[in-house]
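As given, the protein sequences belong to chains A and B, one line each in that order. First residue of the first sequence? That's 32 in this note's numbering, and the numbers climb one at a time after it. First residue of the second sequence? That's 4 in this note's numbering, and the numbers climb one at a time after it.
Bear in mind the hints are in silico, worked out from the structure with no lab data behind them. Glycine included, C-beta positions come from ideal geometry on N, C-alpha and C. Take the hints with a grain of salt, since some may be wrong.
Just a sample of chain B residues kept apart from chain A, beta carbon distances all over 12 Å, derived [as the list claims (entries may be wrong)]:
#: 1; residue: Arg20
#: 2; residue: Val36
#: 3; residue: Arg38
#: 4; residue: Trp50
#: 5; residue: Leu253
Selected chain B positions facing chain A (in silico; Cβ < 7 Å) [claimed, not checked]:
#: 6; residue: Gly25
#: 7; residue: Gln43
#: 8; residue: Glu46
#: 9; residue: Ala204
#: 10; residue: Val248
#: 11; residue: Cys661
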Amino acid sequence: MRLNTWRHFDFLLLGSVLVLIIFGVAMINSAIAGNPELIELQTVERQIVFAVIGLGVILFTTIMDYHLWISLSRVMYAVIVFFLALIFFGGETAFGARRWLDVGFALIQPSELAKLTLILILADFFERNRSQAGTLGWVVRSLITTLGLTMFILLQPDLSTSIVLFVIWGALLFASGLPWKMIVVFGLLGLILAMVAFPFLADYQQQRVVQFLFPDPNASFGATYNVNQALITIGSGGWLGQGYGQGSQVQLRFLKVRQSDFIYAATAHEFGFVGTVLVMGVLLFMIWRILRAARLAHDTFGALICYGIATWILFQTMVNIGMNLNLMPVTGLPLPFISHGGSSLLSLMLSIGLVESVVARHKMLEH
Amino acid sequence: MNSPQLNQRPPALDPQRVTLFGLVALLIFVVFVVRLFTLQIVEGPEWQAQAEGNRTEGISLPPRRGVIYDRNGIVLARNIASYNIAVTPALLPTDPGEVAEIVRQLALYSDLPISAGDIAVDPLIQCGGNLGIAEMLAIGTSFAPYQPVLVECDVPREVALVIQEKAADWPGVSIQIEPVRDYPTGVLTSAYVGYLGPIPAVLEERLREQGFLPNRDKIGYAGLELFFDSVLRGIPGRREVEVDVAGATLRDIAPVQQPVPGQNLVLTIDMRLQEASEAIIRNEIFLWNQYFDTLRISSAVIIAMNPRTGEILAMVSYPSYENNRLARFIPQYYYEQLLADQTYPLLNKAVGAQLPAGSVFKIVTGIGALNEGVITPDQIIQTPGLITVTESFYANDPGRAREFVDWNREGFGSLNFIGCIANSSNVCLYKLAGGYRDEIPEGLGICRLGTYARALGYDQFLGIELPDETDGLVPDPTWKRINQGENWSTGDTYIAGVGQGFVISTPLQVLMSAAVVANDGVMMRPTIVREVVDGEGNVVPVLTDDLGNLLTPAYDAAGNLVGLDADGNVVPDANVVSPFTPDVKWDLTTDARIQTYENPSGIGACREIPGELKTIESWVFEMMQIGMRTAVTSGTLERQFANLTVTAAGKTGTAEYCDPVALEKNLCIPGNWPTHSWTVAYAPYDDPEIAVVAFLYNGGEGASVAGPVIYRVLEAYFELKAIDAASGQP
């Protein structure tokens, strides 16, 4: 059994993930140069520690049969809802939003783990209810499951994570065989809902969306500063970039949140078009490997786990790079595996462990 | 083969929907690559320029403004240090307690409160303004932490030194030294030294290109500060530095261009004579105003010049203004007060006042009449108290009789030319100007009067390096028709012949007309600048054209200094301001500058005979010299100059006027207008080295009011000369 596990282990997937993480650590190191506060917080060192822990998590998860997560996910669901409620009623406030929970040794962000939990819960749900696939009741029940988790995150308020959760739900619904007719109807409903919900968004969220959709040439310096600096940073990269640790926009701190939200811009600035396309290529390759796992998966549960994780990573990548390239509104979603952030990295590596677990066991029942 | 468990296991997911996911991912990837390509490769150069603009900053380094000296090296304008308390928020200690202690200590040394209330509403005004120290620092911290906040400006030197010492223990606190213009001679020389002001909006763009900053640098607003601004101000230096987002300077990315200090002016002024002249005119005004017990004489002018070289030795325009009060900034109340003052303190009246010349203009009429043969030197003229002539406005106008009175109602009896000048006989000069029956069959006439006036310096800019200079007016029939809507009358010629009526002159022009006589017909360009010196003491060439524009100095093929205009063309007859060269404008005895006319009397219009120009005979100047000498020995100036230790020649003038100020005070009584007092003289008679003009507004009789002034100035000049000779100086 042990030997069998490693026979189908996807080393290319793990390899691409490691390449992205190592590259991310290097970029964070370049991005925080000249910022004494971030250096003092040992930003790079902590990212490395999380990556090493994450590596252990991947191996451990691979060894573990992913079916064990069926029962585990229900516990996680309950715990996370509990934690989210706890945060809502007394969590640490950062930039006006309550997203962190201080557990003494670190601030943890339960919403990151919520994404994975939702994938597991829904994968299990769709596996168990294959017979009812395509019925309205099937859709509604899955929605209620999703809402149970999303509610507190929406109230935090954390719009971007909530959207990720709904996208995961939609993607799994689609993968489980949602009829095209319903897709069209839900698509329209979703659009209407978005428009109705807009007035209920927080002011800064509304402004970001409006600023993106209808750029105001007279907009104040502050409203457009970050996006504009990101564009300058990307645009001044050229073919080969200004060189690692040499980019004036990054090193002289004209680019803001350059170690997390805008790390893509920093990459484009220092490594240029060639380097950036290579990084994006690795990301695409990794997503392809996850999709491959979804296709190979022995059962629907495993396939849906992979499909959901691919959705999560692709969507977050799209939103982050789209924001950097000013193709999408500004959100706080990090670039998977590259941006700084321990909770995000750990959850993502845990997901990769799950994918490896699925791949490793795709021929197990042949015996 | 038929094992359903193995091969017919239904796929876990619809493969199409997995493939679709992959395609979507690929599509997004392609869109991003295209967008990235557009930004980085297509629009790359634009973004690179913006990134470059982010990280580089040009810093302008201010040049030191040139100093102005008198001919003996006495400083008239210089730069002194003004001390400002500056705090750079980014360099303050991180401990808020330490910052609070520094702020508390600073408040002790400055006049500012620690806190002045709510900071949200008040903008940051440097140098105190409306805020307390803590608020200023709070705004500075959030706005530009590396930009020093000027907490208080112009603190006393002692305070600055104490804070400078303490600054070692107070990181972020420093004393900034700002150069401020200082005028040690102040009001005494402000009329020609001038003052500085902020860069006006119209010049902002051009000066910015040269590296000057509107909030830091100043430019000349008046006097020599204005005229020689481009010489005095120097060239700003430049640093190209790399900055980070907080504005901290990291390093130079180009070699530093050091500023080039402005060049220094050495004037022809002798401050000792300037001071003496100022005291003399003040005294004279004080005495007369005390005598009449009213503010009678309100303004006055003295100019002393070397007639041989054109060097102005002293120039008083009284009253003037205190340019030190305008040095740091121009206080509105003071400036408005100066503007409203009817004595025009902001105007250099020596070159800019437009005045009736009165009898000093008889020099022009006399020289013209002699040179044109209107009168011979030996001819005797009858000078009763008044003459009656027919005033006609056109050729066959029968006209009507008009009386022309002499200032001396008893008349002088029979006078020759010298007697006419020495006694300043109006009737004599009326006759010379307009003709009188058989005695003077044809007078000089307005046209010829005009050409002699211009030859002697009237009705033109003389090229002195002062922006206030004005050209005055010698009227002719065409001028009168255009400006007064009336024909020139015969009576106008009589009036113009004695410097009244439409004749308008400046004190400098009056002085020059006498200086030409003293200098045997040679007109020098009056100059107030002896030389321009650079920082190392080398004399720098500076040239101007007749309109007062500075020219670019260059050397022609023959090695001569020439001036180039803005287009690079050589300007003919450019005035060499520096190095000092006596600048001959013209020699009337050799340069033909006297225009001839078809109709000397000028009925209708002056019709020039083109190309027919003539000189003035040198004996004519000799006769005028004798006339002016006789005025001193036995004429109008006899009493005033009786004790003079040197030989002098002079001419007085009592010019009737009726200006808006006089009208307002109801002084313009017909037949008894108020009068300005003039005297112009030069000495020693045989070899003139000083010519002086004195003008006193509403002074009354020329000889008795302006005469003593000239006497004292001449005495002062020769006393100073004796002192210099005794101490072995030139």
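Quick rundown of the hints versus the structure:
1. Listed as a non-interface residue, Arg20(B) fails to keep its Cβ farther than 12 Å from every Cβ of chain A; the least gap is roughly 5 Å.
2. Consistency note on Val36(B): stated as away from chain A, yet its beta-carbon is not over 12 Å from all of that chain's, at 6 Å minimum.
3. A beta-carbon of chain A is positioned within 12 Å of the beta-carbon of Arg38(B); the least distance is around 5 Å.
4. With 12 Å as the threshold on Cβ separation, the claim that Trp50(B) sits away from chain A is violated: the shortest Cβ distance comes to roughly 2 Å.
5. For Leu253(B), the condition that its CB be more than 12 Å from all CB atoms of chain A is violated, with the nearest at approximately 8 Å.
6. Look at Gly25(B): its Cβ gets to within about 5 Å of chain A, closer than 7 Å, so that hint holds up.
7. For Gln43(B), the interface hint holds, since its Cβ comes within 7 Å of a Cβ in chain A; the closest pair sits about 5 Å apart.
8. Of the supplied interface hints, the one on Glu46(B) holds, with its beta-carbon coming within about 6 Å of a beta-carbon of chain A, less than 7 Å.
9. Restraint check, Ala204(B) versus chain A: the minimum CB separation of about 24 Å is more than 7 Å; hint violated.
10. Look at Val248(B): its Cβ gets to within about 4 Å of chain A, closer than 7 Å, so that hint holds up.
11. For Cys661(B), the shortest C-beta to C-beta distance to chain A is roughly 61 Å, which exceeds 7 Å, and the interface hint is violated.
The structure fails to meet hints 1, 2, 3, 4, 5, 9, 11 from the earlier list, while all remaining hints are met.
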